[in-house]
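Q: Letter by letter, the chains look like this.
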Amino acid sequence: MSSTKYILGVFDDPDEMMHGIDKLQKNSVPIYDVYTPMPIHGIEAKLNIKDSRLGYAAFMFGCLGGTIMFSMVYYMLVHDWPINIGGKNFFAIPDFIPVTFEWTVLWTSFGMTFTFFFASHLFPGRAPRVMDLRATDDKFVIAINAKGNISHDDITNLLKEAGATEVKHNDRKYVSYE
Amino acid sequence: MASHSESIIREPLITGKDITYAKITNDVLRPVENMPGKAWWIGFSVASLGASLWVFAISWTFWFGLGEWGLNKTVGWAWDITGFVWWVGIGHAGTLISAVLLLFRQNWRNSINRSAEAMTIFAVICAATYIAAHMGRPWMAVYSLPLPNQYGSLWVNWNSPLIWDVFAISTYFSVSLVFWYTGLLPDIATIRDRAQGIRRRIYSVLSFGWTGSVKTWQRFETVSLILAGVSTPLVLSVHTIVSMDFATSLEPGWHTTIFPPYFVAGAIFSGFAMVQTLLLIARKVLGLENYITMFHIESMNKIIMLTGSIVGVAYLTELFIAFYSQNEYEQYAFANRIAGPYWWAYWSMMTCNVITPQLFWFKKIRTNIPLSWVLSIVVNIGMWFERFVIIVTSLHRDFIPSSWAMFYPTWVDVSVFIGSIGVFFTMFLLFIRVLPSVAMAEVKLLLKSSSEQAKKKLMDEGHVVPAEAEFYIASLEKFDSVEQSEYLKA
Chain Z
1 MSSTKYILGV
11 FDDPDEMMHG
21 IDKLQKNSVP
31 IYDVYTPMPI
41 HGIEAKLNIK
51 DSRLGYAAFM
61 FGCLGGTIMF
71 SMVYYMLVHD
81 WPINIGGKNF
91 FAIPDFIPVT
101 FEWTVLWTSF
111 GMTFTFFFAS
121 HLFPGRAPRV
131 MDLRATDDKF
141 VIAINAKGNI
151 SHDDITNLLK
161 EAGATEVKHN
171 DRKYVSYE
Chain B
179 MASHSESIIR
189 EPLITGKDIT
199 YAKITNDVLR
209 PVENMPGKAW
219 WIGFSVASLG
229 ASLWVFAISW
239 TFWFGLGEWG
249 LNKTVGWAWD
259 ITGFVWWVGI
269 GHAGTLISAV
279 LLLFRQNWRN
289 SINRSAEAMT
299 IFAVICAATY
309 IAAHMGRPWM
319 AVYSLPLPNQ
329 YGSLWVNWNS
339 PLIWDVFAIS
349 TYFSVSLVFW
359 YTGLLPDIAT
369 IRDRAQGIRR
379 RIYSVLSFGW
389 TGSVKTWQRF
399 ETVSLILAGV
409 STPLVLSVHT
419 IVSMDFATSL
429 EPGWHTTIFP
439 PYFVAGAIFS
449 GFAMVQTLLL
459 IARKVLGLEN
469 YITMFHIESM
479 NKIIMLTGSI
489 VGVAYLTELF
499 IAFYSQNEYE
509 QYAFANRIAG
519 PYWWAYWSMM
529 TCNVITPQLF
539 WFKKIRTNIP
549 LSWVLSIVVN
559 IGMWFERFVI
569 IVTSLHRDFI
579 PSSWAMFYPT
589 WVDVSVFIGS
599 IGVFFTMFLL
609 FIRVLPSVAM
619 AEVKLLLKSS
629 SEQAKKKLMD
639 EGHVVPAEAE
649 FYIASLEKFD
659 SVEQSEYLKA
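Protein sequences, first through last, are from chains Z and B.
Using the working numbering, you'd call the opening residue of the first sequence number 1 and step up by one each time.
Using the working numbering, you'd call the opening residue of the second sequence number 179 and step up by one each time.
Rather than coming from a laboratory, the hints here were simulated on the basis of the structure.
Glycine included, C-beta positions come from ideal geometry on N, C-alpha and C.
Be a bit skeptical, because a hint or two may be false.
[Stated by the list, open to error] Here are the simulated DSBU-like pairs of lysine-lysine, each with C-alpha atoms no more than 35 Å apart in a straight line:
| # | chain 1 | residue 1 | chain 2 | residue 2 |
| --- | --- | --- | --- | --- |
| 1 | B | LYS393 | Z | LYS160 |
| 2 | Z | LYS160 | Z | LYS23 |
| 3 | Z | LYS88 | B | LYS462 |
| 4 | B | LYS541 | Z | LYS46 |
| 5 | B | LYS541 | B | LYS251 |
| 6 | B | LYS635 | B | LYS216 |
| 7 | B | LYS216 | B | LYS201 |
| 8 | B | LYS393 | Z | LYS168 |
| 9 | B | LYS635 | Z | LYS168 |
| 10 | B | LYS635 | Z | LYS160 |
| 11 | B | LYS251 | B | LYS195 |
| 12 | Z | LYS5 | Z | LYS168 |
| 13 | B | LYS656 | Z | LYS46 |
| 14 | Z | LYS26 | B | LYS251 |
| 15 | Z | LYS23 | B | LYS656 |
| 16 | B | LYS251 | Z | LYS160 |
| 17 | B | LYS542 | Z | LYS160 |
[To be verified] Covered stretches of chain B (in silico footprint by chain Z; criterion: 3 or more residues with CB under 8 Å from a CB of chain Z, positions within the stretch not fixed):
| # | stretch |
| --- | --- |
| 18 | 365-375 |
| 19 | 459-473 |
[Unchecked claim] Far from chain Z by the CB rule (all over 10 Å, computed), these chain B residues:
| # | residue |
| --- | --- |
| 20 | TRP317 |
| 21 | PRO411 |
| 22 | SER503 |
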């Protein structure tokens, strides 16, 4: 029993990496995750990753922000302290629109972005769970959990055939900085 | 897919030979990972001198009060609000590049969006300092917020565009900041993974633990798209509301319905001019000629020309409507602008904003770097005069001739303005020193499709219609970063 925990296929080229994913999947090798320096389109479909639902969060936050602002202005200008401006309506809806709009945008942006940070575990001081330091620079890395029935050599060969420039057998999951 | 081939007739967005993903990282991070050169230090010294002048002049203002400015009872707004509107306008280009061009899938935004967005944030900070300063007692800013208080509560007046502006500018600033910083996360992670020691620790905290896994990238792209979607109407609303500060008053020269589109066009105009001013220098000093190419410069010049023409049409419309309205106050306001005591400001504005940008119709001029740079500064000057003309010439001769007055800036006014430019450049120079000035991840996306080398490969492999290849080669002639001799034999 080897001490290898994760096998990393390191690619120089995103297309070869996509090819690598295809090969692995054809041979029923489960892929743990893929790390890339830039977004690769089409990869989610291959890995069967569901669409992001952040859009729904954004919409709900927007509705919430707009409602809060509109209700607040309504309470202040119509209910709590109406100001008589030449006998005009206290409930002057057109005047409420700019601030309601601004808060809709504000809540959409902040709500959605913080949901993203929360869901992806991104926050200042979070220890980066990095498997290969070059995956944020110029390498495209496929990570495979080594705890499977498929022999490690087969995985290595598959990755090499697909064009991996390097295959790493890592004893620990993440690169530790210290 | 990262590698679909783009039509050959589109101009390349990345020039140069042997560009690899690693080379992009190295090129972009050179100023961040090495000690800055002489040019940076000279720029930084001058900018921080300006910033010190700002600190001094603002402290002077707070200590002795607004009486130190040239304001009087008739002209109650002058350099302060001119400076405010000018800076907010400059900020608009960043959002336009990062949001509107993203929605339109304009890939040339990828290499300029980062610095343009940074510029937005710094410009809005400069604008906000004017708002705080013109209150005289800046701690009174708290009364622009709808907080419960001992007077009732007496709430803010939600019917007033000035309150809308508080919300517009603060939303604009914070949303731009979030947009910018989210986009920075992958690039900060790149710096982190290349750095050692204390720098690695700092960038590690700043990177929020970014790894670049599939799910994170997928969410990142959703967030970027939606932020772009909401920032687009936001940026239009901000300058619309700024224009309503004027347009909802009854002041002749201000009380016009054309103000919102006219202000928004002017904002984009001045913003692109400032991007041009900064990037033409930055690309040279930071050696980014292969990423910020002549195509980018020319595209921005075209936008400057277009928005400059819109602004020109707005000026003429204002004049026509003043005549056509048969309203003598409105007519006088414009006659006074053209030929009154501030005629020189009006004609500086006309020349710099309407006439000289028309030079960009000539391809020779819009692809000439020194001329583009000079013209971008001319636009900035012109747009400053536009705000000065709108504000001061409308105010200085009001409805009662006995209260007519002139505005003369004091040394404090001038110092606050020059100082704010110093503050802006100080922040910008610090930014290019510590953070990547080009969005590396987004530029890497273009490498296999829109780069010169990818297109050359297509041509060499003979996948291209010869007539199209000829067209493409002809379009490369203007590029200063393309090795022209490579294409002679083809």
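Q: Provide an ascending list of the numbers of those earlier hints which the structure does not satisfy.
A: Checked against the structure, the hints that fail are numbers 3, 4, 5, 6, 11, 13, 14, 15, 16, 17, 19, 21, while the rest are satisfied.
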